[in-house]
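Visitor: Residue-level listing of the chains:
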Amino acid sequence: MTTYLVRRLIYTVPILFGVAIIIFSLFNLVGGDPTYQMLGKHATPAQIAELRHELGLDRTKLQQFGDYLGQMVTFDFGRSYSTKQKISEMIWSGIPPSLSLAIPAFIVETLLALIIAMLVAYFRGSLFDRIVVVGCVMGMSVSALAYILFGQYVFAYLFGFFPISGYDPDPILRFKYVALPALIWVTVSLGINVRVFRTFMLDEVGQDYVRTARAKGLSESSTLFKHILKNAMIPVITYVVIQIPFLITGSFLLESFFGIPGLGSITIDAIHNSDFPVIKAMTTIETLLFIFGNLLTDALYSVVDPRVRLK
Amino acid sequence: MLFKMAKARKAGVFFLAAAILAAPVGVAGCKKKRVLGNTLRVALRQKVRTIDPAHGGDYYSNVEVARAYEGLLRYNYLKRPYEIEPALAESMPEISKDGRVYTFRIKKGVRFQNDGCFPNAIGRELAASDFVYSFNRLLDPKEASENKWLFDGKVKEVKAVDAQTLTIRLTRPNAVFLHLLTMPGASVVAREAVETYGKDFAYHPVGTGAFQLDRFSPNQIVWIKNPSFRVERFPADVSGAGEDAGKPIPFAEKVIDDVIVEDQPAWLNFMQGNHDYLMKLPKDNVAAVWGADHKPTKELRDRRIDLLAAPAADFTYVAFNMEDPAVGGAKNRYLRQAMSLAYDEAPTIEKFYLGLAARAEFLVPPGIPGYDPSFKNPFRAYDLTKARAILERNGHPEGRGIPEITYETLSDSTQRQIAEYFQRSMAQLGVKIKISVATWPELLSRIRKKQPQMFGISWLYDYPDAENGYQLLYGRNESPGPNEANYKNARYDALYEKAAPMKDGPERRKLFAKMRELAVEDVPWIFGLHRMETRLTHHWTRNYKIHAFEHNVEKYLRVDVAWRDAEGGLAGR
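Heads up: the sequence lines are chains L and E, in that order. Just so we're aligned, residue -19 is where the first sequence starts under this note's numbering, counting upward by one. Just so we're aligned, residue 308 is where the second sequence starts under this note's numbering, counting upward by one.
Careful: at least some of the hints might be erroneous.
As the list claims (entries may be wrong) - Pairs of lysine-lysine, BS3-like flavour, derived with a Cα cap of 25 Å: (1) L:Lys64 to E:Lys449; (2) L:Lys21 to E:Lys756; (3) E:Lys449 to L:Lys21; (4) L:Lys21 to E:Lys587; (5) E:Lys463 to L:Lys21; (6) E:Lys757 to L:Lys21; (7) L:Lys21 to L:Lys64; (8) E:Lys757 to L:Lys41; (9) L:Lys66 to E:Lys449; (10) E:Lys506 to L:Lys64; (11) E:Lys756 to L:Lys41; (12) L:Lys21 to E:Lys810.
None of these hints come from the bench; they were simulated from the model. If you're wondering where the values come from, they're calculated on a predicted model, not measured in any experiment.
Can you build the whole structure from these sequences, using the hints too?
Guide: Next comes the structure, spelled out in structure tokens:
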């Protein structure tokens, strides 16, 4: 497995290089010139030239690309064009708020989806199963924005159960502020995850070993919890694990609407301000997380399923 | 038994699920309204990029800059028309006869706030040399300041004659120079702070202003009253000063700025009483406060919320790129005139602004000296028949033979809808419009490179002087400068060069009127509208007066704390 992982790590180099070309082209060749926005409405050609020199934008595209590759290797993306803050500091300060929202929401949502999926698998074909499936489809069809607007208005404004928006850096008090966005996160993701987990469960229900268990007289609940669940956990775990790295990057919409200063919010601000260094840093991190998530998933396959051998 | 167990297990699973779901409600439900005392709570509608005067180019950054910093001059908070008065200057400056040398006496006893960058962390006294340092810092190419334009090309030399005397020598007389000195970018900073904090100075403000930074985070900025702030008083010699006339300011001990970018949370927080006033009324909530009868709604009156409205110092317009062969130049003047006549602004004002705007006849908005309410732009009165006749006279009956024109605008829904309305209006004339949308950076980039054929945009005045509008059509200011239409008219330019250094008065207004005639005839823009600035204030918030150029209104605001507390207090953190 070590050889396999090392080989996969080596494969990430050309992937990262390709991604670097795409990101660089998108922001340096297609997007607008950031100096115009940075200098505002009174900019003179001389000031624009000065700032372009200061930011290194007057260097050749090849030199700029070389700089970017250097930043990817050293993880030093410099300072934000917009706020002049060190990007590394911005990222480190954005991770805790993002995780404060994402981790509880992710755990609750995954557990809940698993429980509901097991129930509907147990009662498959019943009215309960149909109601849950219809409910899931309806839940999936509603935009996340609608949940946010409704939740904020009804639960925070009308009933006063939650603060409307905000965040507290205090490790305990912050949960007061992330409770409602976390609930919305759970609601938004529940439908799709219940359906996916239900499918994993039902895939197992049709297997020969289940038929054998039933033929041997095992109760339906024993078959479900002792055999089906154990085998269904293989795709469930891989499905869940691949999402974990992305929890760090937060949620664009939720963080923006609830004023949570996480990485999602930082990314949105960077896009609004043409803050290319921050956008490049965040895109690079997302790419690395994606590659890492895939690698982790592959590795976990062999851990949870002894039939899988990584070579 | 087995059935019972299965049932119990099932019930247990449901209970567990319900408990997991309900847990956050329990945590949040413990919320108790906490009385914050003499604290102002404000919603900022954009992220604050910096609290460095050299880089605060946008409105919200300037709001924060003005909390901590001050300049030589400021506008009186209550007087209208806007009137400049001394801030850190002892009095208004002496100006040499040739209008090139300004001599200021600096107020004595003004101290920078206490900070670790000073010996023993005690703020030192302000000196004229601090202004020399601050102004030269703006001009330093290494600083790449967004506010460099304030002095660039205008100031020849800044000199501290002694500790309290400052002279500023201009390259040529400049009628608006005093206005420039009121802007947050022209605030004074301490060299020690800049050198101690380096690039992080952006979040370590050390000024002489009314407030001192207590805590900065991207979503909340907390200020406390600067304990070493000198005695400043609420304006007294002005009508409308009210019961607080002559009282020491600031009234608030603390200001909490919550950064709330999205409309709904800003609106709901205000309506729940978490913020003392609301700026930038969300478009979707205008109907809740402003009825179709153009009066505040009953709900608003019942809740004793005041709606303040005053003309914003701005105007919107559709600019033609005068260098574009299809729409620019003298040969296409007839087309621009016809298009201007065919565009009716009235439905836009009703649909998008519920009447909280007025048609713009020209580039001087109401409230700016030189605004002429009697002036009617001959090409802005909606007249489709006349517009069609112009096209027919020039060989394009029903718009035949006119190539399709691309209209560029921002990608947000309101701007798209306005663009679609423009497209429909031009279709009535027979002129085909293709809409192209872009993000602000992309659109700005294209405008600066003279690429669009025409585009929708607006201008917010930097200072209350008509020159700030007229310079937008000055030939030498062509893109990437503020003359984004790239309009060039030698007569207009000559008149501008004559009028710009003059003080506002009949002679200058006569020159401006001639320039107006030229620009109106050439139609480099189709004028849109002047928006109204709106604020909502709770009845416990006192002294709010909309001021287009004062960024730190919190200095003047007083909260009737007892009243606010009696109504349940302010939700606190």
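Visitor: Verify the proposed pairing of lysine 449 of chain E with lysine 21 of chain L, using a straight-line Cα cut of 25 Å.
Guide: Given pair lysine 449 of chain E, lysine 21 of chain L holds - Cα atoms ~20 Å apart, limit 25 Å.
Visitor: Is lysine 21 of chain L close enough to lysine 64 of chain L, meaning Cα to Cα at most 25 Å?
Guide: holds, 20 Å
Visitor: Compare the distance between the alpha carbons of lysine 64 of chain L and lysine 449 of chain E with 25 Å, and conclude whether the hinted pair is satisfied.
Guide: Satisfied, since the Cα-Cα distance of roughly 14 Å is no more than 25 Å.
Visitor: Is lysine 66 of chain L within 25 Å of lysine 449 of chain E, Cα to Cα?
Guide: Roughly 18 Å separates the two Cα atoms, so the pair holds.
Visitor: Take a quick look at whether lysine 757 of chain E and lysine 41 of chain L sit within 25 Å of each other, Cα to Cα.
Guide: holds, 23 Å
Visitor: For lysine 21 of chain L and lysine 756 of chain E, compute the direct alpha-carbon distance and say whether it is at most 25 Å.
Guide: At roughly 14 Å apart (the allowed maximum being 25 Å), lysine 756 of chain E and lysine 21 of chain L satisfy the hint.
Visitor: Given the hinted pair lysine 463 of chain E and lysine 21 of chain L, is their alpha-carbon gap at most 25 Å?
Guide: Distance of about 23 Å is within 25 Å: holds.
Visitor: Tell me if the straight-line CA distance from lysine 21 of chain L to lysine 810 of chain E falls inside 25 Å.
Guide: Measuring from Cα to Cα gives roughly 24 Å; hence the hint holds.
Visitor: For lysine 21 of chain L and lysine 587 of chain E, compute the direct alpha-carbon distance and say whether it is at most 25 Å.
Guide: This hinted pair holds, its Cα atoms lying about 21 Å apart.
Visitor: Taking 25 Å as the top limit, are the C-alpha atoms of lysine 506 of chain E and lysine 64 of chain L close enough?
Guide: holds, 7 Å
Visitor: Is the straight-line distance between the alpha-carbon of lysine 757 of chain E and that of lysine 21 of chain L 25 Å or less?
Guide: holds, 14 Å
Visitor: Would the pair lysine 756 of chain E and lysine 41 of chain L pass a check requiring their Cα atoms to be no farther apart than 25 Å?
Guide: Judged against 25 Å, a Cα distance of about 19 Å means the pair holds.
Violated hints for the displayed structure: none, as all numbered hints are satisfied.
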